[in-house]
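Undergrad: Using the hints, position chain B against chain A.
Protein sequence lines correspond, in order, to chains A and B. When the letters of the first sequence are read in order and numbered with my numbering, they come out as residues 5 to 249. When the letters of the second sequence are read in order and numbered with my numbering, they come out as residues 49 to 382.
Any given hint could turn out to be false.
Under the rule of at most 30 Å between Cα atoms (straight-line distance), these lysine-lysine pairs were calculated in the DSS-like manner [unchecked claim]:
| id | chain 1 | residue 1 | chain 2 | residue 2 |
| --- | --- | --- | --- | --- |
| 1 | A | Lys88 | B | Lys213 |
| 2 | B | Lys192 | B | Lys236 |
| 3 | A | Lys139 | A | Lys240 |
| 4 | A | Lys78 | B | Lys213 |
| 5 | B | Lys235 | B | Lys216 |
| 6 | A | Lys88 | B | Lys145 |
| 7 | B | Lys347 | B | Lys235 |
| 8 | B | Lys285 | A | Lys172 |
| 9 | B | Lys172 | B | Lys145 |
| 10 | B | Lys257 | B | Lys347 |
| 11 | B | Lys216 | B | Lys52 |
| 12 | B | Lys133 | B | Lys257 |
For the record, the hints were derived by calculation from the structure and aren't laboratory data.
In case you want the letters, here they are:
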Amino acid sequence: MNLKENVQIRPLSDSALVIHVGDGISEAIHNKVKNILNLLESNPFEGFIEVVPAYNNVTVYYNPIEVYFSNIGKEGEMPYEKVKETILSLMNQSHIVETTKERVVKIPVVYGGEMGPDLEFVASYHGLTPNEVIKIHSSVEYLVYMIGFAPGFPFMGGMDKQIATPRKETPRLSIAPGSVGIAGNQTGIYPLETPGGWQIIGRTPSRLFLPEQSPPTLLQPGDRIQFVPISLEEYKSDWEMKTWA
Amino acid sequence: MGIKVLQPGMLATIQDLGRYGLQKFGVIVGGAMDSISLRIANLLVGNSEGEGALEVTLYGTTLLFETDELIAITGGNLQPTIDGKETPMWRPLLIQKGSVLKFNTAISGCRAYVSFSGGIQVPKVMSSKSTYIRAGIGGFQGRKLLKNDVFELDRRSELGEELFKQLKREPTYLPWSADYTSFVTLKKTQTIRFIRGSEYEHFDEDSLKKFLSTPYTITTHSDRMGYRLDGEAIQLKEPFELLSEGVTFGTIQVPSNGQPIILMADRQTTGGYPKIAQVISADLPSLAQMQANGRVYFKEVTLEEAQLALIQQERKRNELAMGLRFKRGYSIFR
Numbered sequence: 005m006n007l008k009e010n011v012q013i014r015p016l017s018d019s020a021l022v023i024h025v026g027d028g029i030s031e032a033i034h035n036k037v038k039n040i041l042n043l044l045e046s047n048p049f050e051g052f053i054e055v056v057p058a059y060n061n062v063t064v065y066y067n068p069i070e071v072y073f074s075n076i077g078k079e080g081e082m083p084y085e086k087v088k089e090t091i092l093s094l095m096n097q098s099h100i101v102e103t104t105k106e107r108v109v110k111i112p113v114v115y116g117g118e119m120g121p122d123l124e125f126v127a128s129y130h131g132l133t134p135n136e137v138i139k140i141h142s143s144v145e146y147l148v149y150m151i152g153f154a155p156g157f158p159f160m161g162g163m164d165k166q167i168a169t170p171r172k173e174t175p176r177l178s179i180a181p182g183s184v185g186i187a188g189n190q191t192g193i194y195p196l197e198t199p200g201g202w203q204i205i206g207r208t209p210s211r212l213f214l215p216e217q218s219p220p221t222l223l224q225p226g227d228r229i230q231f232v233p234i235s236l237e238e239y240k241s242d243w244e245m246k247t248w249a
Numbered sequence: 049m050g051i052k053v054l055q056p057g058m059l060a061t062i063q064d065l066g067r068y069g070l071q072k073f074g075v076i077v078g079g080a081m082d083s084i085s086l087r088i089a090n091l092l093v094g095n096s097e098g099e100g101a102l103e104v105t106l107y108g109t110t111l112l113f114e115t116d117e118l119i120a121i122t123g124g125n126l127q128p129t130i131d132g133k134e135t136p137m138w139r140p141l142l143i144q145k146g147s148v149l150k151f152n153t154a155i156s157g158c159r160a161y162v163s164f165s166g167g168i169q170v171p172k173v174m175s176s177k178s179t180y181i182r183a184g185i186g187g188f189q190g191r192k193l194l195k196n197d198v199f200e201l202d203r204r205s206e207l208g209e210e211l212f213k214q215l216k217r218e219p220t221y222l223p224w225s226a227d228y229t230s231f232v233t234l235k236k237t238q239t240i241r242f243i244r245g246s247e248y249e250h251f252d253e254d255s256l257k258k259f260l261s262t263p264y265t266i267t268t269h270s271d272r273m274g275y276r277l278d279g280e281a282i283q284l285k286e287p288f289e290l291l292s293e294g295v296t297f298g299t300i301q302v303p304s305n306g307q308p309i310i311l312m313a314d315r316q317t318t319g320g321y322p323k324i325a326q327v328i329s330a331d332l333p334s335l336a337q338m339q340a341n342g343r344v345y346f347k348e349v350t351l352e353e354a355q356l357a358l359i360q361q362e363r364k365r366n367e368l369a370m371g372l373r374f375k376r377g378y379s380i381f382r
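So that you can see chain B by itself, here it is in the shape it has in the complex:
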């Protein structure tokens, strides 16, 4: 008894906040592309925020619930329906045994997160439930979900159990939803903030002007590993040799064709292309929600502004967690 996959859709994988501490061995961090949506999804069902959840990409994923369960859906709006009826996002939901949850097609954003109260019962590999497809480890048997897969859930936490019972008694309980707008933007054209990359000074002035003033389109050759952009070509003042070194989520590299690549959740641990910029952490969830053909404008901020933006985001998340714990209509709830 558990959750059965009727249709895997385009790509559905189990992700948590990633696999840390092993990058020096070349083991990638991985984890949710939009980590804040995953964290909020978990908080809404009484899980610890880093619990493994389902990352559903763009469309099609369809799940059958074999038992009553408490879940939450956050992230991009992929028009989720339960038994054919539109279902709200960003709030705890009670799903009845025999019900079918289906993600239709993305109308805003790119990835939805489904948290299950208690968490998905899969073994942690190297202390994480994140799926590392290339290495065939983690998540559900080291791969994306396929038709007829069945996964089980772990026991609900005290808070999860309380919510579950309350919703069973009173299905209209908790009529609010978490206000996601302070965490993630779901728009096709976005301004993404960056700090200067390690090799920023090596790019020619004209290229830097273009990078700052013209839009870059996310191409269809984009995935969890990286977003390949298309726009005004960016050139170095003069070619120079760069040795491979550490790179991270949001690092913007420029290979010799001049078209930038933004490294995403499944990036390699090291890279050897010059780095023009680094997307600030607070804007990574919004970037991760952009689809192919989305347009990005880049805006430079200081390192201090980048860190303050993240601290601010964290404060908002804390308010949300507190609000949920006390089940009151804090300002964060609509």
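Excised from the complex, chain A in its bound form:
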């Protein structure tokens, strides 16, 4: 299928536009998002700055001044029109492909105790034992749809509804980096110390934000994550370990 099909483009600002590819969350839509990402990053137009993928759209940032004085699009047109035409014509020449195989990143997690103070609550909320919650949480692969909120914070899909739990009524003022939490039917990992209302069920020694590396995050959109339960002793000895991938 042609990449341009069923795509809508709208402005976000005078320096960014959004390519909307579908509604809701699905792996098919995610694949299309990744196709567009790859297409634009490997064919940057004059004035292109960067792309940010989300669940079902891609935001494209551009420099309107540079675009205005460039040769892309039709002469005399406004930057938005020039960029829109350029992107549509690029997509028109491109077909949806299965993007390259996904990486599976293993994330070691020590569940419960002081590292996961809300594990007991999540378990009792569902009438499960803490071990059952751990088993459910660590038995599936999660797809990273997008990164946002904080550097390296993965928005993941695929959590079992059996352990979906509402946010805490009073958010914590500080959540330790590496904390693994549940909010509604989402699960996530906090890369930095931040306030937050997620139910914290465990913590990983893996560092998610790696400012000295390129790319600067452990996880990228399109990765699959597997949580691996470890003991507190292993956590302490593996503190320096960046990843088990």
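TA: This is chain B only, laid out in the frame that chain A set:
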């Protein structure tokens, strides 16, 4: 030998034009709140316009110069003094070794920019000198300036060196200053232009009327990340689920309490609240200069008008840069 911080003041950080290309990893853009004032400050001392400079917020920041230096001060008027004497802004200034630059208190605007000829010597982190406080990276050791910090400067450019020498020979040289009024407005009540946000149509008509006709006050819960506004509440026609997606500088979100939040320089890369409006880029510097208790009126323009306003602003900036290069009294200089 360098610049020593005697008093950090309320908040002083090193900023440039921001960190681009990494938003898909959740790394924020950051950078100067009032980017045009930072760019002009750099141009005035012969730097490239995106060089790192000091963003000084509201009051108190006090610096000791351990060597003779060429600087410029732009942005909000925080009543800067050198050795206790009022000093002009928006022009190259020669500071003598041993002199003390102090920002007293803001009488107009909110943030001043101090550029240092040659630029501030701090490492670029992910290709930017901007301070990202929450992640503890960039700028001066990833944090705001503190008392007794000392930072060094890099070598002046050819143009910077020429200006520096000329000012040493003839302190009254260049009696002009850049006319900032075509770039930034420093008023307590301002009309800020916007284009419709992605979810504009989802808000009820009555709310949209209020948004367009009544003022919104910038609350004290406002910072480099966002301005929280207080005014007539804005409601959706009916609640709807919005997934997190890209947001940018100037995006106006409305959470369920109906009070808008304008995302500023240190915004997160993605957001999930409905977006009623988007402040046009040409008006962001003026908005960034507004303090808590300032009042904003919103005025809708088309996307074309927004882009033309930015192109116009850029033309003015080019004239200013040219004028400086030829050191003549172009119309942009008073």
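Undergrad: All hints, please: hold or fail.
TA: Hint by hint, here is what the structure shows:
Between Lys88/A and Lys213/B the CA atoms are separated by roughly 49 Å; this puts the pair beyond 30 Å, and the hint is violated. Taking the CA atoms of Lys192/B and Lys236/B, the gap is near 26 Å; set against the 30 Å cutoff, the hint holds. The hinted pair formed by Lys139/A and Lys240/A meets the criterion: a straight-line CA distance of about 22 Å does not exceed 30 Å. Proposed proximity of Lys78/A and Lys213/B is contradicted: the alpha carbons are some 48 Å apart, above 30 Å.
Annotation: proposed proximity of Lys235/B to Lys216/B is violated, straight-line Cα distance about 35 Å (limit 30 Å). Restraint check: the Cα-Cα separation between Lys88/A and Lys145/B comes to about 54 Å, which exceeds 30 Å; the hinted pair is violated. Between Lys347/B and Lys235/B, the direct Cα distance comes to roughly 16 Å. Compliance with the 30 Å bound is thereby established for this hinted pair. Proposed proximity of Lys285/B and Lys172/A is supported: the alpha carbons are some 28 Å apart, at most 30 Å.
Between the alpha carbons of Lys172/B and Lys145/B the distance comes to roughly 27 Å, so the proposed pair stays at or under 30 Å and holds. A C-alpha spacing of about 11 Å is found between Lys257/B and Lys347/B, which places the hinted pair at or below 30 Å, so the restraint holds. As the CA atoms of Lys216/B and Lys52/B are separated by approximately 22 Å, the hinted pair is consistent with the 30 Å bound. Of the pairs offered as hints, the one joining Lys133/B and Lys257/B is violated, with about 49 Å between alpha carbons and a cut-off of 30 Å exceeded.
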